[in-house]
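Undergrad: Chains Z and C are the protein sequences, given in the same order. Under the numbering used here, the residues of the first sequence are numbered 1 to 364, in order. Under the numbering used here, the residues of the second sequence are numbered 1 to 364, in order.
Quick caveat, the hints were computed from the structure, so don't treat them as lab data. Possibly wrong hints are sitting among the right ones.
In this list, chains with the same sequence are indistinguishable; a pair is considered to hold if it fits within one copy or across any two.
[Said to hold, decoys possible] DSS-like mimics (lysine-lysine), calculated; alpha carbons at most 27 Å apart, straight line: (1) Lys-281 - Lys-116; (2) Lys-121 - Lys-281; (3) Lys-342 - Lys-116; (4) Lys-262 - Lys-310; (5) Lys-310 - Lys-256; (6) Lys-286 - Lys-48; (7) Lys-256 - Lys-147.
Protein chains: 2
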Amino acid sequence: MPFRDRYTGLINRYRDHLPVNDDTPIISLGEGNTPLIRLKNIPRLLGKDVDIYVKYEGLNPTGSFKDRGMTMAVTKAVEEGSNAIICASTGNTSAAAAAYAARAGITAFVIIPEGKIAMGKLAQAMMYGAVIMQIRGNFDQGMQLVKDVAETSPVTVVNSVNPYRLQGQKTAAFEIIEELGRAPDYHCLPVGNAGNISAHWMGYSEYHKSGVVSAAPTMVGYQANGAAPFLRGAPVRDPETVATAIRIGNPQSWDKAWTVRKESGGWFDELADDEILAAQKMLAEKEGVFCEPASAASIGGAMRDIRAGKIAEGSTVVCTLTGNGLKDPDTAIDQCREDLQKGSRMVTIEAELDAVRDAIVNNM
Amino acid sequence: MPFRDRYTGLINRYRDHLPVNDDTPIISLGEGNTPLIRLKNIPRLLGKDVDIYVKYEGLNPTGSFKDRGMTMAVTKAVEEGSNAIICASTGNTSAAAAAYAARAGITAFVIIPEGKIAMGKLAQAMMYGAVIMQIRGNFDQGMQLVKDVAETSPVTVVNSVNPYRLQGQKTAAFEIIEELGRAPDYHCLPVGNAGNISAHWMGYSEYHKSGVVSAAPTMVGYQANGAAPFLRGAPVRDPETVATAIRIGNPQSWDKAWTVRKESGGWFDELADDEILAAQKMLAEKEGVFCEPASAASIGGAMRDIRAGKIAEGSTVVCTLTGNGLKDPDTAIDQCREDLQKGSRMVTIEAELDAVRDAIVNNM
Chain Z
1 MPFRDRYTGL INRYRDHLPV NDDTPIISLG EGNTPLIRLK NIPRLLGKDV DIYVKYEGLN
61 PTGSFKDRGM TMAVTKAVEE GSNAIICAST GNTSAAAAAY AARAGITAFV IIPEGKIAMG
121 KLAQAMMYGA VIMQIRGNFD QGMQLVKDVA ETSPVTVVNS VNPYRLQGQK TAAFEIIEEL
181 GRAPDYHCLP VGNAGNISAH WMGYSEYHKS GVVSAAPTMV GYQANGAAPF LRGAPVRDPE
241 TVATAIRIGN PQSWDKAWTV RKESGGWFDE LADDEILAAQ KMLAEKEGVF CEPASAASIG
301 GAMRDIRAGK IAEGSTVVCT LTGNGLKDPD TAIDQCREDL QKGSRMVTIE AELDAVRDAI
361 VNNM
Chain C
1 MPFRDRYTGL INRYRDHLPV NDDTPIISLG EGNTPLIRLK NIPRLLGKDV DIYVKYEGLN
61 PTGSFKDRGM TMAVTKAVEE GSNAIICAST GNTSAAAAAY AARAGITAFV IIPEGKIAMG
121 KLAQAMMYGA VIMQIRGNFD QGMQLVKDVA ETSPVTVVNS VNPYRLQGQK TAAFEIIEEL
181 GRAPDYHCLP VGNAGNISAH WMGYSEYHKS GVVSAAPTMV GYQANGAAPF LRGAPVRDPE
241 TVATAIRIGN PQSWDKAWTV RKESGGWFDE LADDEILAAQ KMLAEKEGVF CEPASAASIG
301 GAMRDIRAGK IAEGSTVVCT LTGNGLKDPD TAIDQCREDL QKGSRMVTIE AELDAVRDAI
361 VNNM
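Let the hints inform the model, and build the full structure from the sequences given.
TA: In structure tokens form, the structure reads like this:
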């Protein structure tokens with residue numbers, strides 16, 4: 001019989017490695033267990049003998065890696081008796097928070113600065129039933145209010161200050177090791193708040209220390225050059241990049257990430273926005289994998305470092321794709337419109353067999 | 001050691017059940033293996049003792065169940081020497097076709113009728129590098145041209161006439177049986193072209209006949225009432241529904257679907273658009289699962305039939321969620337805007353601790 005246990009999320013799979021016990025009421029949407037896809041065409045185009053995998057975290061339930069942390073954060077909030085969670089976010093964090101709150105039957109509050117409401121960003125959290133709290137102030141004030149209110153109200157903060165989120169996120173490293181049968185030589189990630197690179201290092205280190213693997217990877221973090229505090233060595237005021245998921249000037253996990261860099265022998269580097277978008281397009285066109293712009297920083301940076309020999313031939317490289325391309329349709333549409341304006345990617349023809357036949361021959 | 005084989009898609013997992021051999025060059029993006037999520041809150045709200053699962057096909061690589069069929073269709077196209085595939089579609093089929101063509105290193109042509117180009121629908125296929133062929137004609141002419149051109153040009157049709165697609169899609173039934181340890185009592189699906197309900201029945205029947213399970217489910221198909229040929233008993237001209245993925249008036253798998261209904265003892269029913277959208281919202285708000293409108297026809301129909309007792313208490317029910325909610329952001333945004341106009345789901349407050357505290361208490 002081919003029967004097997006139903007997959008019920010990363011806490012159940014990794015409960016021995018996570019701060020839960022048999023009485024913990026687990027809040028899961030089947031997150032984790034995402035595909036580790038081996039690239040076929042890009043290594044050949046690079047002309048380098050490297051084995052590149054992408055960990056496609058965009059196939060988590062709400063479309064980003066945030067679900068790994070949120071299943072833990074909301075599970076612990078419910079265990080501790082919370083009836084509400086709160087975060088300041090307009091992006092992937094708010095969507096994940098709202099979804100797991102819905103599943104738990106508690107309320108998610110999302111604080112945003114007053115101003116023009118970007119419905120494209122907020123609609124996902126709203127569909128999950130979050131209550132949007134628009135404040136007459138800026139994002140930093142919102143973040144401070146989130147921290148302050150949790151001290152006096154029965155509400156749990158699920159922004160990245162929540163310590164359980166990195167616990168959940170570290171499981172991505174477990175999955176990679178289990179499927180590769182080893183740790184990769186290099187693990188490349190986009191870096192914004194720097195929580196994810198820190199969480200991956202936690203996971204790799206745990207499996208290394210417990211003897212599952214004999215080595216841990218070199219950790220490499222890529223930032224957008226308009227939001228690159230790790231390259232500047234200091235927080236960046238008014239960070240700006242098309243890769244909104246890593247548009248962060250003052251990373252929460254600043255110290256942790258420097259430790260990761262040191263302990264793993266890794267490095268940070270930065271990419272321009274057009275390099276990020278080109279990598280996003282290349283991954284979609286050459287491998288059929290569509291990620292959000294921030295995610296493409298990992299593969300864009302890795303390609304550059306492979307070409308330059310900084311990542312050596314013979315290496316096994318894993319790049320984390322943090323979010324689904326469908327998360328940011330506007331940027332994709334803008335890219336496609338440019339193609340159309342250049343006259344590529346579209347032909348207009350008569351509805352006749354000969355015309356179709358000619359168009360095929362001319363465009364193959 | 002927790003090592004295990006890397007998951008490399010449904011053809012590798014089910015190769016004994018599919019028309020491939022050891023030499024077949026498999027084109028995969030890690031499709032299939034999607035979560036089977038047990039609903040927690042909706043059964044309680046219904047006040048019925050039923051076990052409802054949703055099979056969340058929106059977590060396939062391009063965001064819909066079409067990937068299951070497309071991995072097979074493109075694999076066989078490449079095996080047969082094709083250098084291009086073609087389809088008439090502006091939706092999920094074109095996205096899946098383009099992604100798998102990209103992965104295979106061949107060209108995907110997408111035929112659309114001339115007119116205002118809906119970039120939101122086409123952008124995904126374009127990101128994957130498809131060539132859009134806009135014809136001076138309508139959709140039916142496009143479909144006919146696709147069939148005709150394949151007879152004389154070295155291009156493979158991957159619309160639903162392609163026989164390999166249902167082969168790939170049947171694997172969803174295998175996964176459900178393997179994780180439940182049995183077949184469900186009822187399996188509910190949205191019905192447009194009716195290929196998916198037919199494919200699921202193929203899968204269930206194969207596992208039933210080979211003795212893996214001792215029963216197959218009752219198959220239930222739900223249509224949108226503006227596009228319900230199975231309810232009318234005849235094709236529908238000018239089908240119309242907000243659930244664009246099932247806006248089909250003349251289903252490709254007409255005969256197959258009637259056979260499924262008869263053999264399984266099932267039925268067809270129809271939902272109004274507002275019932276579909278209400279089900280989509282309810283699933284997101286009460287369970288944290290966001291699907292595209294067409295997908296919600298399955299859970300919306302199932303809830304109605306459970307309430308009415310047509311689906312009996314004590315049953316195990318699986319509803320297929322065919323696509324990801326992120327596929328149709330515009331419909332979600334419209335729904336959220338309505339909430340905002342009604343004054344719900346959002347509060348605007350001063351950036352002060354007391355105001356946040358009050359807003360939490362008032363909105364929990």
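Undergrad: Of all the hints numbered above, which does this structure not satisfy? Sort the numbers upward.
TA: Of the numbered hints given earlier, the structure breaks none, since each of them holds.
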